[in-house]
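When you get a sec, could you build the whole thing from the sequences and use the hints?
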Amino acid sequence: MKNISAVKVQTPEPFNFKECLVYLSRSPLERLHSVENGCVTKLLYFDDEKILIQINALQGDLEVKFLNCKPSDEIKLFIQNYIAGWFDFKVDLNRFYNLAEKVDAVDRLVCNFRGLRIVKIQCLLQALCWAIMGQQVNITFAYTLFGRFIETYGESALFQNKKYWLFPKAETIAGIKPEDLRHLQFTRMKAEYIIQIATLISSDELSRDELIKTGDFEMARKRLVSIRGVGPWTANYVLMRCLGAPDAFPLEDVGLHKAIKALLRLKEKPDHKTIEHIAKSVPGWGSYLAFYLYRSLL
DNA sequence: ATCCAGGAACTGT
DNA sequence: ACAGTTCATGGA
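Sequential numbering from 1467 applies to the first sequence in our numbering.
Don't take every hint at face value.
As the list claims (entries may be wrong) - Distance condition first, Cα-Cα at most 20 Å in a straight line; then the derived SDA-like pairs of lysine to any residue: (1) Lys1679 with Ser1668; (2) Lys1643 with Thr1618; (3) Lys1727 with Ser1668; (4) Lys1568 with Ile1549; (5) Lys1484 with Gly1526; (6) Lys1531 with Arg1580; (7) Lys1474 with Lys1568; (8) Lys1586 with Ile1616; (9) Lys1643 with Ile1616.
Please keep in mind that the hints were generated in silico from the structure rather than gathered at the bench.
Listed below in structure tokens is the structure:
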């Protein structure tokens, strides 16, 4: 075995890597990373280079191994920043917990998953595609669609007889014909939405940087909703999972309704008022609240 | 078989 | 602005 390079990534307090791994391993159909033995392995682009990293917890921090390359300092820095963003290290979780503990039901929720941080989808195109594929279908089918999509249009790398996948590039998706996606069981609408969005991104008419640069998430929400195929649910989902908006709670989400029903031990699905009441129960932290509710469904 | 799933666009009021 | 309809298919 040749010696493998590794770097450490300092973690904030509190942070529970295992809780994030639970979230990452929620579907066996996942193609963009793999979780085993307390490690997550993921392939990433650095320009056109494919970098395979493996992350595990080590003495309170994270250790990142580079499985297929000797990383330059530039790559090491890129990966450290990537991981800090992936697990949302910049947020002060204690502020969330301090507010959450004032609400009985929410306190129960956050105590169960202490140290869980939002597992981000940092690529805007990937976040939008995932949300759109997930519209109106159950999670299993969403993963089936997503997996087929990646295996058809994404690149991959082989390591120790195992394939690791990358999300397709915007230019690739922009060049797909809607009929091709219909063969993968996309609806006509979803096929059009995704191709159109990839076109916007590849022509630089839409970007993650542009959406977050002002810090005005209300403006970002409006911009997102103006895109065909993106409604309030998708916009809030992307604000939460990709853009780092603190207070984006996808009110329309059926999964969140189920989670609230279980949390409050209701017999029926919660009504509009109840949902809004919970969504606003930790002011300024709707995104974290939603993510913890998703986690509670696993 | 029947119902519904981590919605959104479209149409008619 | 708002309510009803359509899209479209796999899971439970």
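For a quick check of understanding: which of the numbered hints are violated here, in increasing order?
3, 4, 6 and 7
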